[in-house]
Amino acid sequence: MLQLLWTVPALPLLGFALLALFGRRLPRAGVSVIGAGSVGLSAVASGLVAWGYITQTVPAAYSQCLWTWMEVGSLKVDMILWLDPISLVMILVATGVGFLIHVYSTEYMRDDADYARFFAYMNLFVGAMVVLVLAGSLPMLYLGWEGVGLCSYLLIGFWYDNADNARAAVKAFLVTRIGDIGMLIGLFVLWFSLGTLDIQPLMERAQLQWTPNSAVAVAATALLLCGALGKSGQLPLQVWLPDAMAGPTPVSALIHAATMVAAGVYLLARTHVLFDLAPAVQCVVAVIGAATLLLAGTSALAQRDIKRALAYSTISQLGYMFLALGVGAWSAALFHFMTHAFFKALLFMAAGAVILAMHHEQDMFNMGGLRRRLPLVFWTFLAGAMSLAALPLVTAGFYSKDMILWSVLSSPKGGFLLWAAGVVGAFLTGLYSFRIVFLVFFGEEKGHASAKPGPAMMIPLVLLAVLALGAGFVEIPETLGRVALFSSFMGVHAAEASAVLGEGTQQVLAALLALGGLAAAVVLYLLRPGIVKAWVATPSGAALQRLCASGWGFDALYGMLIIRPVVALSSLCRDDFMAVVWRAVGICAEGAAAGLGRAQTGRLRFYMAGIALGAVVVLALVVLL
Amino acid sequence: MSAYNVMAMSPFIAGAVAVVAIMLGIAVRRSHRASAAATVAAFALMLACIPVAAGVAPRQVTPLVVIDAYALFWLAIIFGAGMATAILARDYLRVRGGQPEEFYLLLLISCIGAGAMVCSRHFASFYLGLEVMTIPLYGMISYICSGKRGVEAGLKYLILAGAASAFLLFGAALIFSEAGTLDFVGMACATVNYSGSLVVLAGLAMVLVGVGFKLSLAPFHLWTPDVYEGAPAPVTAFMATVSKGAVLAALLRYFSTVSPDTFMSLRTAFSLAAAASMIAGNLLALRQTNVKRILACSSIAHAGYVAVAFLALGDIAAHAVAYYFAAYFAATLGAFGVITLLSANGDLREHDAMEDYRGLFHTRPVLAAVLALMLLSLAGVPLTAGFLGKVYVFMAGIRAGLWWQTGVLVFASAVGLVYYLRIIAVMTATPKDGDHACEVLLPAVSSAAKGLLAALTLAVLWMGIYPAPLLRIIEGIHLSAH
Chain A
31 MLQLLWTVPA LPLLGFALLA LFGRRLPRAG VSVIGAGSVG LSAVASGLVA
81 WGYITQTVPA AYSQCLWTWM EVGSLKVDMI LWLDPISLVM ILVATGVGFL
131 IHVYSTEYMR DDADYARFFA YMNLFVGAMV VLVLAGSLPM LYLGWEGVGL
181 CSYLLIGFWY DNADNARAAV KAFLVTRIGD IGMLIGLFVL WFSLGTLDIQ
231 PLMERAQLQW TPNSAVAVAA TALLLCGALG KSGQLPLQVW LPDAMAGPTP
281 VSALIHAATM VAAGVYLLAR THVLFDLAPA VQCVVAVIGA ATLLLAGTSA
331 LAQRDIKRAL AYSTISQLGY MFLALGVGAW SAALFHFMTH AFFKALLFMA
381 AGAVILAMHH EQDMFNMGGL RRRLPLVFWT FLAGAMSLAA LPLVTAGFYS
431 KDMILWSVLS SPKGGFLLWA AGVVGAFLTG LYSFRIVFLV FFGEEKGHAS
481 AKPGPAMMIP LVLLAVLALG AGFVEIPETL GRVALFSSFM GVHAAEASAV
531 LGEGTQQVLA ALLALGGLAA AVVLYLLRPG IVKAWVATPS GAALQRLCAS
581 GWGFDALYGM LIIRPVVALS SLCRDDFMAV VWRAVGICAE GAAAGLGRAQ
631 TGRLRFYMAG IALGAVVVLA LVVLL
Chain B
19 MSAYNVMAMS PFIAGAVAVV AIMLGIAVRR SHRASAAATV AAFALMLACI
69 PVAAGVAPRQ VTPLVVIDAY ALFWLAIIFG AGMATAILAR DYLRVRGGQP
119 EEFYLLLLIS CIGAGAMVCS RHFASFYLGL EVMTIPLYGM ISYICSGKRG
169 VEAGLKYLIL AGAASAFLLF GAALIFSEAG TLDFVGMACA TVNYSGSLVV
219 LAGLAMVLVG VGFKLSLAPF HLWTPDVYEG APAPVTAFMA TVSKGAVLAA
269 LLRYFSTVSP DTFMSLRTAF SLAAAASMIA GNLLALRQTN VKRILACSSI
319 AHAGYVAVAF LALGDIAAHA VAYYFAAYFA ATLGAFGVIT LLSANGDLRE
369 HDAMEDYRGL FHTRPVLAAV LALMLLSLAG VPLTAGFLGK VYVFMAGIRA
419 GLWWQTGVLV FASAVGLVYY LRIIAVMTAT PKDGDHACEV LLPAVSSAAK
469 GLLAALTLAV LWMGIYPAPL LRIIEGIHLS AH
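Sequence order for the protein chains is A and B. For any residue, its number in my numbering is found by taking its place in the first sequence, counting from 1, and adding 30. For any residue, its number in my numbering is found by taking its place in the second sequence, counting from 1, and adding 18.
Everything labelled a hint here was simulated from the structure, so no lab data went into it. Just so it is clear, CB atoms sit at the ideal spot from N, CA and C, and this is done for glycine as well. Mixed in with the good hints, there may be bad ones.
Quick partial rundown of chain A residues pointing at chain B, CB under 8 Å, derived from the structure [as the list claims (entries may be wrong)]: (1) Trp97; (2) Ala450; (3) Ala622; (4) Ile641; (5) Ala645.
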């Protein structure tokens with residue numbers, strides 16, 4: 031079974047190749063079968079691989095060396111796949127959720143003119159994501175990393191006829207590129223310091239050669255962190271993710287919620303050994319995570335566009351994962367990644383169903399009362415929102431968020447303040463999740479909802495709703511009757527914990543705050559909507575509302591601090607010394623080409639003379655030197 | 019001649035028999051289809067004989083010829099390139115009428131000559147191979163005698179190549195006058211012993227002039243754009259690949275017997291020629307508006323790159339040169355293949371002006387994609403064959419301490435990117451008058467040519483992504499064993 035590992039990335043890439051080459055000539059049904067089928071087969075292959083992995087007699091990581099790409103001097107780049115619990119969970123989610131989203135897309139994108147192009151990009155994305163996750167060496171990981179970045183760019187700008195979409199695509203690409211450059215430099219640092227880029231030997235050598243908090247450890251991990259911050263939309267590189275919602279909704283569900291944005295989390299989990307050697311950087315990770323989750327949570331409260339609200343909630347949930355990574359609880363981060371992939375993909379896809387039914391209306395204030403028109407969409411969206419809000423006991427989100435909060439509180443690297451940020455975030459999550467539910471599905475009907483979504487959209491929604499509620503039962507905390515399937519699979523054992531609060535107390539507090547968020551939403555958006563309206567009408571309320579709606583004004587801030595100075599500087603430097611130099615290079619090249627071209631007379635005697643002259647020069651050189 | 023020798027020489031014997039058979043066939047009844055098919059079959063047979071010969075390699079057959087792993091590798095890619103040329107030529111000649119059957123005889127003979135060169139260990143066989151390769155080329159270049167361009171190009175090549183041969187012969191004669199032998203090993207020993215002798219140095223310099231002409235190294239490159247442009251596209255493909263590769267392969271065998279420190283002045287001269295070709299080739303290509311001329315200039319530059327690897331000498335150079343040429347053969351044949359297929363239509367015009375390629379991605383997306391891939395490989399973009407080729411040439415240069423030559427290589431390849439991307443940019447632009455372009459650019463592509471382009475595309479990607487099997491073969495080659 032384990033030998034099938036290579037088919038997991040190969041199948042979607044094959045699907046991409048087929049669609050890219052023959053997509054235009056295939057009928058739509060053929061495109062659907064290849065597009066969704068390749069990912070489906072890949073999901074089956076991942077399932078078989080998982081089965082093979084679990085039933086191994088001696089549980090051990092499995093590596094499959096495909097080939098050596100190049101070997102030059104001491105630099106050897108292998109194409110090697112590495113399967114361990116971390117990558118196994120990631121490929122199961124990427125191909126499983128990916129398959130459901132592909133099935134959903136066959137209906138969602140039905141009327142699009144570029145049907146084949148869409149599925150070609152989506153297949154390429156799944157292939158690249160699986161390469162990223164299974165990579166056994168950092169160059170291969172980087173290949174997948176750039177591959178998913180490229181697909182993200184292509185899919186955000188999928189409807190490139192609209193200039194705003196193209197601008198959002200460029201913004202996403204440029205902002206993540208800032209992080210990628212840091213990560214690339216980090217790879218060079220690792221290679222110079224440890225002499226290998228294969229991940230497993232790298233971890234072993236780092237443990238032997240690095241002392242904790244040494245300069246090289248801090249530098250390398252901080253540079254890797256740059257890449258992760260860009261990809262996962264964390265402070266200060268979070269500005270691209272809300273704009274990325276310009277792409278089709280299935281893209282938002284797959285790339286900008288479930289899988290690609292978690293690549294940063296995956297990178298940090300994969301290299302957690304390095305981060306353990308740099309506690310200073312870990313502390314930064316935790317603080318960034320806490321700040322991001324609060325900032326994005328408040329921003330989500332003020333959005334009118336349903337997809338932007340969900341995008342801010344994604345940033346906020348990724349903040350939780352970074353918070354967990356910062357305190358060294360990488361298995362908790364991965365657990366939250368998994369449940370988040372289920373409920374956030376579900377929320378986006380249900381939102382997509384709503385948007386389609388409302389004829390591409392995305393403003394929540396123009397919706398309302400849809401629970402009667404679209405009952406099944408309502409119930410599935412509600413399941414997702416409950417899981418996102420981490421309502422206690424019955425949702426998957428509760429168990430994963432609880433694991434994070436308890437790790438933050440009990441870990442020596444965590445502490446009360448970080449935990450407090452987490453539980454305040456839980457309150458905000460409850461509030462904004464149900465704000466969306468009440469605005470969209472309750473209240474009076476506005477606008478006209480048309481045809482109900484068909485089975486290709488509804489079946490994935492129902493399946494994901496089941497997962498969003500039930501997937502948490504693989505890991506139940508000690509106070510509720512311990513189940514530790516996930517963490518024991520990850521090979522992590524609960525450490526002796528000491529905290530200011532007991533585990534049970536903190537659970538009750540967190541649950542109460544989440545329910546408090548729900549209650550506040552009931553009051554503010556269902557029973558007494560006048561309160562919010564009246565408050566927003568006051569000057570201070572309006573200002574705060576504007577601040578939150580703009581995501582705390584980071585776009586304006588960067589525009590003022592970075593973009594405008596750079597543009598001004600570059601226009602100032604348009605005719606500076608270096609520009610003259612570069613222009614001179616061009617002119618010289620053109621001139622030299624013209625001069626050399628003049629020798630191309632077409633006359634035979636001239637060419638003969640050229641050879642004779644060359645012979646004289648060579649003879650003179652040889653004889654005289 | 020023992021049975022083993024016959025086995026070792028079997029690729030050549032098969033080729034020679036095929037030439038006679040096809041000639042007799044034409045005498046009985048003219049059929050373009052049969053001629054072309056027989057030629058492709060002959061190349062397949064010659065390729066099939068290579069494993070037979072490998073069974074008895076390494077083996078010296080007469081004082082003239084040696085069959086070893088190095089020679090067999092080169093035979094394989096030369097015959098492969100010959101087969102590709104035959105397939106392309108069939109599409110090209112079919113629409114042009116006339117009497118296309120004899121073209122294939124010339125092609126086969128030229129390939130046999132090139133094969134003889136890479137197997138030679140004696141100046142006599144080297145020179146004979148060179149002439150057997152070159153003389154049919156005159157005919158091939160001017161095969162289409164309806165237009166002026168082909169005849170002009172053929173005549174230019176005839177006169178200049180004749181002069182270059184004269185230099186080569188004179189150089190060999192000078193060395194012979196000191197060494198008293200024409201055997202490579204003997205000549206090399208003698209040149210080491212007489213390293214101070216001006217006669218030997220002058221002889222080597224003249225050999226360099228002759229070879230530099232064939233490789234189109236600057237300053238002997240002036241003829242290249244004219245002849246490449248005037249020749250039929252499949253012949254240009256053949257000249258850019260086989261006639262260059264065979265000469266360099268033979269030269270490398272000769273110089274690998276010499277210790278590199280013996281002739282510092284000669285090395286300097288060769289380095290200068292290499293650097294000049296890299297710079298001149300890339301700069302010349304910048305302002306061209308004809309795709310065949312651009313590729314001609316690019317082939318000047320590529321000769322310069324590979325000359326850097328050549329300067330490293332020994333096994334490192336043999337491996338780098340072999341890999342580089344394998345990648346370069348595939349990409350160049352593919353690029354000229356697309357030009358050939360576009361030119362193989364009713365209006366009997368060479369489609370080689372830049373304007374012919376405007377909007378090709380819209381009118382012929384598959385051909386455009388193939389051409390783009392080949393150009394990217396020539397430019398050395400990662401995940402294509404050309405990238406690893408460049409890496410190996412670069413490493414050979416660094417290991418041999420050729421610092422400034424390698425530096426020129428890096429800068430020149432950066433310039434090179436400009437004109438390759440310019441062609442791709444033109445292809446992505448919107449076609450000027452869409453419907454008209456569609457009509458003109460609808461040549462009927464034969465399924466053999468389609469298969470060939472598919473195979474070359476796969477080869478370029480395969481060598482770029484999964485080069486291990488090819489590298490294993492190449493690393494089995496040892497030059498210094500003789």
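message: Does the closest beta carbon of chain B sit nearer than 8 Å to the beta carbon of Ala622(A)?
response: Nearest chain B Cβ about 5 Å off; hint holds.
- request: Against chain B, run the beta carbon of Ala645(A) and see if the smallest gap drops under 8 Å.
  value: holds, 5 Å
- prompt: Would the hint on Ala450(A) stand, with a C-beta cut-off of 8 Å toward chain B?
  reply: With a closest approach of 48 Å, the Ala450(A) hint is violated.
task: Tell me if Trp97(A) is really an interface residue toward chain B, meaning its C-beta lies closer than 8 Å to one of theirs.
output: With a closest approach of 5 Å, the Trp97(A) hint holds.
message: Less than 8 Å between beta-carbons is the criterion; does Ile641(A) satisfy it with respect to chain B?
response: holds, 5 Å
The structure fails hint 2 only (numbered hints given earlier).
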